[in-house]
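S.K.: Residue-level listing of the chains:
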Amino acid sequence: MPQDLSLRESYGKTLVELGKENPDIVVLDADLSRSTMTQFFAGEFPSRFFDCGIAEQNMVGIAAGLAASGKIPFASTFAVFAPGRCFDQIRMSIAQPRLNVKLVTTHGGITVGEDGTSHQCIEDLSLICSLPGFTVIVPADAIETAQAVRVAATSYGPFYIRLCRPKVPLVYNQDYHFNLGKAVTMRQGKDATIIAIGLMVSAALEAADNLKREGIECCVLNTSTLKPIDETAIIRAAETGAIVTAEEHLEHGGLGSIVAQVIAKHYPVPIEFVAIKNTYAKSGKASELLQRYNLTAKDIEQAVYKVIKRKSR
Amino acid sequence: MPELDNSSTASADKVIAEVFSSLSIKEMEEISKRLRRHIITMTGKAGSGHPGGSLSAVEIVTTLYFGLLRHKPQDPQWCDRDRVILSKGHAAPLLYAALAECGYFSVDELLTLRQLDSRLQGHTDRTVTPGVEMSAGALGQGLSFAIGIAIAGRLNSQDYRVYVLLGDGECDEGQIWEGAMAAAHFKVDNLTAIVDNNGQQIDGWNRDVMNLAPFNKKWQAFGWHVIEVDGHDFTQLINAFNHAKMVTRQPTVIIAHTIKGKGVSFMENNPYFHGNAPNTEEVKIALKELE
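Here the protein sequences line up with chains A and B, keeping their order. In terms of our numbering, the first sequence is residues 1 to 313. In terms of our numbering, the second sequence is residues 1 to 291.
Hints are computed from structural coordinates only; laboratory data are not their basis. Heads up, the beta-carbon is just placed ideally off N, CA and C, and yes, glycines get one too. Hints may contain errors.
Claimed, not checked - Lysine-lysine pairs mimicking DSBU-like chemistry, simulated, CA-CA at most 30 Å apart:
| # | chain 1 | residue 1 | chain 2 | residue 2 |
| --- | --- | --- | --- | --- |
| 1 | A | Lys265 | A | Lys309 |
| 2 | A | Lys298 | A | Lys212 |
| 3 | B | Lys217 | A | Lys20 |
| 4 | A | Lys265 | A | Lys282 |
| 5 | A | Lys13 | B | Lys187 |
| 6 | B | Lys217 | B | Lys187 |
Claimed, not checked - Counterexamples of contact, computed for chain B against chain A with all Cβ distances above 10 Å:
| # | residue |
| --- | --- |
| 7 | Ser48 |
| 8 | Cys79 |
| 9 | Gly122 |
| 10 | Leu155 |
Modelling step: build the complete structure from the supplied sequences, incorporating the hints.
M.R.: What follows is the structure in structure tokens.
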């Protein structure tokens with residue numbers, strides 16, 4: 001069994017490394033540094049850490065001002081609060097002027113768990129992907145998180161990186177090299193393609209293994225750079241003639257919508273969407289919620305069966 | 001439509017602070033009148049825009065750009081420049097007029113305000129206009145942005161100062177008070193906020209739409225050093241700005257009491273001209289008053 005590791009912790013530790021390498025790295029938080037794990041940076045570099053209190057709109061604006069002055073600000077809170085609470089501030093203070101702000105939010109998706117609806121962000125990818133100029137990354141594990149954060153620090157422009165709360169199984173080993181804008185083929189297969197992001201990548205791999213035992217060979221693609229999406233890889237993956245997308249987000253506006261757009265334009269094939277269907281989730285354990293809202297390997301397998309039936313013969 | 005006043009007050013290759021620090025009040029008054037004429041002509045030609053809140057802040061902006069700032073119009077990105085953040089982005093015509101008079105771009109360009117492909121967008125856009133520090137227009141965001149710039153200056157041991165011009169109506173926005181709290185908390189004494197306190201917003205008088213009183217006490221309670229001035233009096237404005245430079249370990253706000261539409265009789269205290277341009281006839285009358 002692969003090891004379960006925390007993406008947030010990986011983020012926090014990477015920030016400290018970056019802080020040592022580059023004095024222009026500064027970090028902001030909104031009273032959640034113990035949850036977002038920016039506390040490690042705060043402990044190491046107190047003069048370059050700014051806790052803005054429970055005031056996310058102001059945090060975003062301060063980050064923008066720091067970026068306009070040559071700093072490389074990482075601003076963190078829960079995804080429900082940014083972009084959730086301060087969409088206009090992100091739009092006008094960061095996206096329009098294309099400032100070099102890195103929003104790294106945690107507790108994305110429903111696996112926040114027991115805290116319930118108010119803390120489960122299922123709309124953030126839709127919101128943030130709508131903003132021109134933003135690069136959006138949803139890492140699949142702790143190793144990819146560390147590398148994505150490094151790439152964000154060294155690439156100019158606004159970045160959004162979405163992390164989840166629970167520890168998730170490693171899908172990569174230390175040899176992995178994250179390529180911004182490039183999807184990663186995790187499994188080869190000819191019968192259908194599963195395109196996944198975040199913790200659904202691990203579920204997609206599990207589904208592909210199970211389906212293989214049933215004689216169905218699935219290609220698995222991790223599109224961790226959600227924006228700009230790797231169109232070439234998606235079009236190539238569509239050659240299997242059937243696609244299933246899997247994300248811990250609303251069906252509307254996230255990975256499924258983005259893939260469907262690419263497919264409709266360039267290579268129309270049937271698609272099934274494993275995502276949250278126009279509803280809010282509830283309190284519960286992360287694993288219970290993933291089952292209740294149909295975001296498990298089993299759900300991906302069923303979607304693969306369904307989409308294969310729709311394939312043109 | 002009358003022509004713009006083309007007699008630029010500065011050649012573009014000088015550090016303006018050196019040029020203007022010796023300006024007399026009378027000279028500043030002359031510049032103010034010219035800025036007012038630009039505002040009328042620009043918005044009149046564009047057929048839209050926000051003359052009222054531009055006219056009210058003319059003396060504030062004149063004092064900043066022609067009496068106070070350390071900047072190089074020929075090098076808008078100069079790293080040690082003082083920064084002016086126009087948070088009330090709808091006063092863009094005023095900022096553009098001042099920037100043109102300083103030499104950031106030609107005075108002729110002012111007539112392109114709000115036209116397709118013009119660098120002079122309806123609300124400020126920092127990506128296209130030389131000298132514009134912030135893309136504004138969505139109210140309430142400039143103070144936070146200014147705090148970020150002020151903190152960066154401190155981290156870099158740079159001695160530039162940051163000025164942020166707020167509207168009073170803008171202070172309805174919650175983010176202003178988030179920023180007010182943070183500026184005091186972070187003790188950013190290289191930051192001066194100026195409130196163009198003209199008393200009006202789109203729907204009418206502040207006190208009727210959303211009462212801000214006691215305004216002075218609110219800022220004090222948030223930990224700011226507060227100075228109140230007549231926002232059309234150069235001596236008071238210069239003294240306040242100089243005083244703010246001496247205040248340490250806390251930010252300063254200058255509450256500048258002004259008159260919306262100041263300088264044009266039929267625009268003064270008339271909320272209609274918050275967001276409506278003068279028509280051709282009104283432009284003529286206004287320019288005559290501003291001769």
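S.K.: Kindly indicate which numbered hints from before are broken by the structure, ordering the numbers from low to high.
M.R.: 3, 4, 8 and 10
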